[in-house]
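Asks: Given chain A's structure and the hints, the job is docking chain B onto it.
Protein chains: 2
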Amino acid sequence: MAAQGFKGYIQVYTGNGKGKTTAALGLALRAAGRGLRVFIGQFLKGQVYGELASLERFSPLVRVEQFGRKGFVHITENPDDEDVALARKGLERCAEAMTSGSFRIVILDEINVAVHFKLISEDELRAFLGRRPDDVEVVLTGRYAPGWLLEAADLVTDMVEVKHPYQKGIKAREGIEK
Amino acid sequence: MAAQGFKGYIQVYTGNGKGKTTAALGLALRAAGRGLRVFIGQFLKGQVYGELASLERFSPLVRVEQFGRKGFVHITENPDDEDVALARKGLERCAEAMTSGSFRIVILDEINVAVHFKLISEDELRAFLGRRPDDVEVVLTGRYAPGWLLEAADLVTDMVEVKHPYQKGIKAREGIEK
Numbered sequence: 031m032a033a034q035g036f037k038g039y040i041q042v043y044t045g046n047g048k049g050k051t052t053a054a055l056g057l058a059l060r061a062a063g064r065g066l067r068v069f070i071g072q073f074l075k076g077q078v079y080g081e082l083a084s085l086e087r088f089s090p091l092v093r094v095e096q097f098g099r100k101g102f103v104h105i106t107e108n109p110d111d112e113d114v115a116l117a118r119k120g121l122e123r124c125a126e127a128m129t130s131g132s133f134r135i136v137i138l139d140e141i142n143v144a145v146h147f148k149l150i151s152e153d154e155l156r157a158f159l160g161r162r163p164d165d166v167e168v169v170l171t172g173r174y175a176p177g178w179l180l181e182a183a184d185l186v187t188d189m190v191e192v193k194h195p196y197q198k199g200i201k202a203r204e205g206i207e208k
Numbered sequence: 031m032a033a034q035g036f037k038g039y040i041q042v043y044t045g046n047g048k049g050k051t052t053a054a055l056g057l058a059l060r061a062a063g064r065g066l067r068v069f070i071g072q073f074l075k076g077q078v079y080g081e082l083a084s085l086e087r088f089s090p091l092v093r094v095e096q097f098g099r100k101g102f103v104h105i106t107e108n109p110d111d112e113d114v115a116l117a118r119k120g121l122e123r124c125a126e127a128m129t130s131g132s133f134r135i136v137i138l139d140e141i142n143v144a145v146h147f148k149l150i151s152e153d154e155l156r157a158f159l160g161r162r163p164d165d166v167e168v169v170l171t172g173r174y175a176p177g178w179l180l181e182a183a184d185l186v187t188d189m190v191e192v193k194h195p196y197q198k199g200i201k202a203r204e205g206i207e208k
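Order-wise, the sequence lines are chains A and B. So the first sequence is numbered by the working numbering: it starts at 31 and just counts up by one. So the second sequence is numbered by the working numbering: it starts at 31 and just counts up by one.
For the record, the hints were derived by calculation from the structure and aren't laboratory data. No experiment lies behind these values; they were computed from the predicted model shown. Nothing false has been slipped in among the hints.
As the list makes no split between identical chains, a pair holds if one copy fits it or if it spans any two.
DSS-like, lysine-lysine: derived pairs with alpha carbons at most 27 Å apart:
| id | residue 1 | residue 2 |
| --- | --- | --- |
| 1 | Lys148 | Lys208 |
| 2 | Lys208 | Lys100 |
| 3 | Lys193 | Lys148 |
| 4 | Lys100 | Lys148 |
Isolated chain A, as found in the complex (with noise of 0.2 Å):
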């Protein structure tokens, strides 16, 4: 894919509220509508079908793939060897997709809680953002994004939460919330 004089920027979308994951969902929607090729690489989570049923109709201009166990992981300040391999791998294969010259931008869901809960370092995301060609975005989501990445990135939105129904001890909803 030629760059065709696309400048790709670092995107985070961090803070505790509501709508980092389908902002970026929302995105590779509306770039695979310009027919702009996204990948897309979910941190924590496994075979969760919600979005993967709905971003298969994008398949080949939206690529999608899960680096958790099956479900979400609840991760404590302790992952195990499965997760920290898990996410580890998930990386590499963002990178690959980054620098393969097939994508014009690469998504890379709750990354910021697997840095956080120490599943990859933040040395490793560093690496990672170095190796980004000038005509990829990288969108980075999930809370707790450190200063250093709020620095290193050109767009930052804090998704602060105003009101949540949670507050009133509401689970999340199939299709709505998850």
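Replies: Showing chain B alone in chain A's frame:
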């Protein structure tokens, strides 16, 4: 469509940051992946094809209508009669969708901006929300959400712009920002 115990909420995505419309698009994508029907009404936009092209793949699960003149409407404090008429007609279409029993989720994209610039009055929006069936989720996007709407909503996310390349004088890129 039977309620099947689904409890709908009012969601608001507001603030000056990026990701409000894309979060709503991603929400539609996820919901469609679960087989939920979604109506998207886009205010202040007409014949904006990037998003439409992608969403058409989800027809008939996802239905999109745009209620502005061609392109993005750049409203001033004194909107003209045509803009007002288009926006009001749009709100009525959203009301029909919301009360039709055919859609589980109704998204009013950029409605907050339409209200801010008085294309639609606050009373009209209040009346619209008063007609919401319990089993329909309503999502309102756009900066300038009024205080009473934040009060009325169940879930509010404030997208805060921390850093944006527009600050460097860079224009919106096709497939990414538009």
